[in-house]
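Enquirer: Sequence:
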Amino acid sequence: MINTTGSRLSPEERRAQIIAVAAQHFARDGVVGTSMSAVAKDAGVARTLIYHYFPGKEELLGAVLAAEAAGLLAETAPDASLTPQENVEKALRAYIKHFRTSTTSLSELYSSSDATEAGALVERSHAMHIERILALTGAEDTPAMHRNLRAWLIFIAALAQDTVDVGTQEQDDVAVLSLDVLATIVGHPF
19 MINTTGSRLS
29 PEERRAQIIA
39 VAAQHFARDG
49 VVGTSMSAVA
59 KDAGVARTLI
69 YHYFPGKEEL
79 LGAVLAAEAA
89 GLLAETAPDA
99 SLTPQENVEK
109 ALRAYIKHFR
119 TSTTSLSELY
129 SSSDATEAGA
139 LVERSHAMHI
149 ERILALTGAE
159 DTPAMHRNLR
169 AWLIFIAALA
179 QDTVDVGTQE
189 QDDVAVLSLD
199 VLATIVGHPF
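Residue numbering for the sequence shown follows my numbering, beginning at 19 and increasing consecutively.
Don't read these hints as lab results, they were simulated from the structure. Positions of the beta carbon are idealized from the N, C-alpha and C atoms, including for glycine. Keep in mind that the hints are not guaranteed to be accurate.
What the hints assert, rightly or not - Pairwise CB distance ranges (calculated): (1) D191 x D159: 26 to 32 Å; (2) D97 x I172: 21 to 27 Å; (3) V184 x E135: 42 to 48 Å.
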């Protein structure tokens, strides 16, 4: 379907719009159930325009995952006005909230997509989070610490996904548990 709203978006805005619509489709229909035609229809554009930006469904999925990862990094970015402890707590709560509320069902998409592409994306995201944690906590930058922090990130993502439908108190308990585990890993409390 051709855009009938009369709005003309820049190429960057159109690409972002297509990614947002595709994210909804992947979350609702899964990778296999999502069609480029349905994404085009809901985005109000011709299917050929989708293929102009994304040669195939795998590339579109990769763009959705990259947008999710970028959003997560933005949501967890340190704030210079906060103490290191406040930054860690703020980032942790944002990380947990992001995984609980993600419209693209990150865990399902990561497991369904091309393992190499998704794995590389997750690894880049984890590397950035690990660097931030090291900077905020003053923990020793060693291969063992990187491994332990990577495991911690996987742990809190799993906790967040497992507590989607719980109340505020249990969500707070998850955050406290996650901070306690992080304190054990880095060797000092928060």
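Enquirer: Cβ-Cβ distance between D97 and I172: within 21 to 27 Å?
Expert: Because 25 Å falls inside the window, the suggested range holds.
Enquirer: Between D191 and D159, does the C-beta distance stay in 26 to 32 Å?
Expert: 30 Å Cβ-Cβ, so the 26 to 32 Å window holds.
Enquirer: That 42 to 48 Å hint for V184 and E135 (C-beta), does it hold up?
Expert: 32 Å, violated
Hint violations for this structure: number 3 only, all remaining hints satisfied.
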